[in-house]
Amino acid sequence: MKVSLNWVKKYVDLPEDLTPKQISFDLTMRTVEVEDVIDTSEKFHDIVVGKILEVKEHPNADQLRVCIVECGEDEPKQIVCGGSNLYEGEMVVVSKPGAEVFWHGEDSLVKIKESKLRGVPSYGMICGATEVYLESYFPLEDEHMIVDLSDVDCEVGQNVSEIIGMNDVVFDIDNKSLTNRPDLWGHYGIARELAAIYKCPLKPLPEAELPKDLPEYRIDVESPEKCPRYAALEIENVCEKPAPIWMQTALLNAGMRPINAIVDITNYIMLSVGQPTHGFDRTHVDGSHIIVRNAKKDEKLTLLDHALLDLTEEDLVICDEHDPMALAGIRGGIKDSILPETTGVVIEVATFTAGTIRQTGKRFDEKTDASIRYEKGLDTQRVDQGIAMAAKLFREIFPESKIVAFGDVDPTPTTRNEIDVTQEFLDVRLGKALPSEEILDILTRLGYDVTLTDGTYHCVVPTYRSTGDVSVKDDVLGDIARVYCYENFEMKPLPVNFEHAVRQPKEQLDRKIREYLAFRCGFNEIFTYPWIDEKYIQAAKIDTSEAIRLATPPAPELAILRQSLIPGMLEAAVKNLRYYDEFRVFEMAQTFHKGEYHESCEEEILPVHKKLLSGIIVGRDAKKDFFDVKGVLESMSRFCHMEDLTFKQKEKPSWADDKVYLNVFHKGKNIGSLGQVSVQAMNAAGISRTQVAFFELNFDEMIPLNSRTNEFHHLPQYPLVEQDLSILVDESVKWHDVSEAIRHMVKKYEFIEEYRGKQIPEGKKSLVFRVWIGNDDSTMTSKQIDKKMAAVMKSLQKKCGAALREE
Amino acid sequence: MLERLESIKELGLKKIKETETLDQLQEVRRELTGKKGELTAVLKSLGSLEPEMRKTVGMRANEIKNHFAEKIQEREDEIVENQSALDEEIDLTLPGNAVSQGALHPITQMQYDLNDAFLSLGFEIFSEDDISSELFAFDNLNFPPDHPARQSMDTYWIEGTEDKQGAERLCLRPHLTGGSVRYLREHGAPARFVYPGRVYRNENTDARHERAFYQYEALIVDKDLSFSSGKVMIQALLEKVFGRKVNVRMREGFFPFTEPGYEIDMECQVCHGKGCRVCNQNGWIEVAPGGVINPNVVRAAGLDPDVYTGFYTNIGLDRFVMMRYGIDDVRFFHSTDLRFFEQFK
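Sequence order for the protein chains is A and B.
No gaps in the numbering here: position 395 of the first sequence is 395 in this note's numbering, and each next residue is one more.
Heads up: take any position in the second sequence, counting from 1, add 807, and you land on this note's numbering.
These aren't lab readings, by the way, just hints derived from the structure by calculation.
Careful: at least some of the hints might be erroneous.
For each label pair, taking beta carbons as the anchor points, the in silico distance ranges come out as [stated by the list, open to error]:
hint: 1; chain 1: B; residue 1: 960; chain 2: A; residue 2: 711; range: 37 to 47 Å
hint: 2; chain 1: B; residue 1: 1050; chain 2: A; residue 2: 359; range: 31 to 41 Å
hint: 3; chain 1: B; residue 1: 1049; chain 2: A; residue 2: 70; range: 58 to 68 Å
hint: 4; chain 1: B; residue 1: 960; chain 2: A; residue 2: 139; range: 34 to 44 Å
hint: 5; chain 1: B; residue 1: 1149; chain 2: A; residue 2: 130; range: 51 to 61 Å
Each computed SDA-like pair below joins lysine to any residue, with the alpha-carbon atoms no more than 25 Å apart [stated by the list, open to error]:
hint: 6; chain 1: A; residue 1: 2; chain 2: B; residue 2: 1015
hint: 7; chain 1: A; residue 1: 610; chain 2: B; residue 2: 1015
hint: 8; chain 1: B; residue 1: 1052; chain 2: A; residue 2: 488
hint: 9; chain 1: A; residue 1: 362; chain 2: A; residue 2: 488
hint: 10; chain 1: A; residue 1: 492; chain 2: B; residue 2: 922
hint: 11; chain 1: A; residue 1: 21; chain 2: B; residue 2: 1078
hint: 12; chain 1: A; residue 1: 362; chain 2: B; residue 2: 1018
hint: 13; chain 1: A; residue 1: 734; chain 2: A; residue 2: 718
hint: 14; chain 1: B; residue 1: 851; chain 2: B; residue 2: 863
hint: 15; chain 1: A; residue 1: 659; chain 2: A; residue 2: 538
hint: 16; chain 1: B; residue 1: 1152; chain 2: A; residue 2: 660
hint: 17; chain 1: A; residue 1: 611; chain 2: B; residue 2: 1018
hint: 18; chain 1: A; residue 1: 203; chain 2: A; residue 2: 440
hint: 19; chain 1: A; residue 1: 630; chain 2: B; residue 2: 906
hint: 20; chain 1: A; residue 1: 652; chain 2: A; residue 2: 683
hint: 21; chain 1: A; residue 1: 56; chain 2: A; residue 2: 45
Chain B stretches covered by chain A per the calculated footprint, using a threshold of three residues with CB under 8 Å from any CB of chain A [said to hold, decoys possible]:
hint: 22; region: 893-899
hint: 23; region: 975-981
The beta carbon of each residue, even a glycine, is placed where N, CA and C say it ideally should be.
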């Protein structure tokens, strides 16, 4: 919302030395966020009033004249001009050197310089209305005419902004910061805040001065629950003419285009007191009878452009005896428009409830200046202000006009909330004991009626804050705190608590795992969206029958919420393969599955959430990548201090290679998998000429150790003997079998390599590994070594059919 | 014979001098003083000489042998002193071997920085699930029944529940605040905890708007708290994150779940309060809305608002991280583009 400082000053006398910057700061700190402060006179710099002293022929051009103009400089200036209405003594608008104007045919502003026109020197420019933002004040009759200010109250040399009231400051206020304050949607509300902040008096608004014994204008409110008040003024002897300059400027500065005096008056009232008003041509109201009711089934509203709006039975409409004329509080139809031939109007000043306006506005996707205000919740008493202003403004702008009828239906006036607040409550929660005079002063200036008895403030909230804004004592506290200003409260540090050290092993595990993957294993952490492109879900062949879907997804193909992180990983792989051949990424995030789960209470049934940890290694060597992934998971338990994981092939994930996958178990429970992504899945995802190894684990099933479980062992007193063994076994023998055969016989053992090649017979493979053997109480003799190694070989032979490979 | 000795000596000393490696020196040592060396041969042939001569030559030969030993030792010391671990030439400007190359997401990093700060102040970390219900996302938080955020234009409702109400109408959580009531219901008060996480809004994306973004919310609930403590907390946090004292200010703001509510601004870190494009010329940047927990929310958490009060603060992590690094497009965070993420090691 744009707030004009000149307008606000009509209602409050602000201290003279107050700068716009200071006002902007104080409003921002205490009331609403001012986003910008605009000096409206700035664009009129060097554009002044001049008086033509002499008009001469141009020696070289028939269309141009040479004028001598007095414009507040030391001496009169010579200006060449092509205007068709130049005469001596005329008061004109002069753009001096440095001024910026709209030049005929140019898109952007042009800066005026002293120059020569057809050989004759010219100081500046005598301007037409469109050249200097004046077209709404001085409509053009023909494009060669310049602005004639002779009938306007002005002086030579005066800046043009002053004569139209554009010497103003506009505060651009963030509408979001106003959502809870229906009272601030007009200049009077802002003035009230400033009066409270600077402790200066707020001027009263005009009282309604309606002629006595007016005939009643007939109004029937058939839906009083949606329309707590409806008033109408019938006024005759008006016409379609422009509003006075001051009003046009006020509207322009508040961000609204002037249209004609009648419409402008209704807008001016709305921008003054926040009360929307609406003008109907009185001849369009059939039967001179307004009915406020819900629309009927299949009823339609004809709009200005003759389009038809299909109304529903829930929409509130303003009707005459035959048809709907307007969508209540939102927009008018063709029947309500003010036309050139309009001579009488019916002015609507009404209250509609926030809910009905919001619902109908949403249904038709309409947001207007009126509906925005109604949506906040307006009090019915504000209608009185609207009526009073309307009567006053019509009398001023149309002195010949006459109010001929008045109707007012007020079924449910807004009641004032009453709240008791104790001094003790305020002292504790504010963290500072404010004197009661200060509290009474702040609240009174904001419009409360307050009485203090035995330490309790009985607060009667003004109607304009009683529509939902202020209803409990905390709201009253908020008003006191903000006007006193948060900055003026001393900072109180938090009490320290020594009793309860924070201990959250699972939270720590989450962090340890991420840091392990990033810092030790070379993975980059990524975030993907929870909604996944169906292409990648299908590529991973994930069954979506148990998936959760969004009602209004970001895009049709993004409706399914993820059940696995793998599709997102595939998408990330595709994106990054454009720039990288090899990379590793991981993500830890929640996935969603049909089911029933209560996070906080029985009545809330949520789908099942699983927090999954997933990663991929993208590269060229499938075997290496697979064992890299396996190594990452094997070391994870130790490095991240969690309970052990074991690996076994059991149940293939839908996206995995038939051969290259393993399931991951914790205490016998399958908690995830690792392996290679199948060629088919990669093709479907659009990945080619590369390999993707993956892992995915259910983090919820990973259990942090309560404390570190590392154990200290004395260092061996006698050296261990290190021996490499190279054995031949059948293809069917697994490393697991070999390690089972030797693990109880040696101190330590380590796999070195697996080998198949020329020297190895078909169906066999060679395994090379290292063992460490030793005595606990002495150094091994060579005889003992030979004996031990022979035993190891014998066990290998027996359990794995192994033979020592001849070198 | 003596002449032969002298020529052996001269030649020997020259050879010693010419050696450059310990291996060469070892070779020379064998040649000069070894069993098959010339000097040894001379000593072996002493028997065939005159006794007089034998003595002279013998003495001289031993002298030379000792001299050789001395010089070889000297040379050995010299060589060791000048020896390098590498025989070949080395280009010291070649890059070192790369260290493991992963990184945490910059938002995770910021979250951990904040976690460290809050943990040191005795806060617990709490996580709420991503899918919540209208009951927790709106009703409990004092959102009016017709609040626009409840509409599908703003919130992602779950298919099949969008026309239901309250606990049965499910959504991807639009903010973290609903989690506060969950925690308080489970743990009671007094309490101090943070609950970071991702939230979802149905909006069009551009450089400044995302559909999924991260927040970091903190709540303290206790008896007799005054709202100004909230500012102290924020100041402490910013100091931790930016590594220096950062000026903050607290001003009026409105949120359904607070009363009073406030906005916390920090001094623009680009212009230090003078006004620049980043802060829209006003020197301050909105970083953390907050406020005193609304009594209706305290009630929803099963606590008595006449006994307990508290305050929230909610930091927009995306914005914070963008400020930290000068990132100009919020959509990078979900881009999965490693060219972006590799910058945050």
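Fill in: Violated hints - listed by number, lowest first
Violated hints (numbers, rising): 1, 2, 7, 9, 13, 16, 21, 22; every other hint is consistent with the structure.
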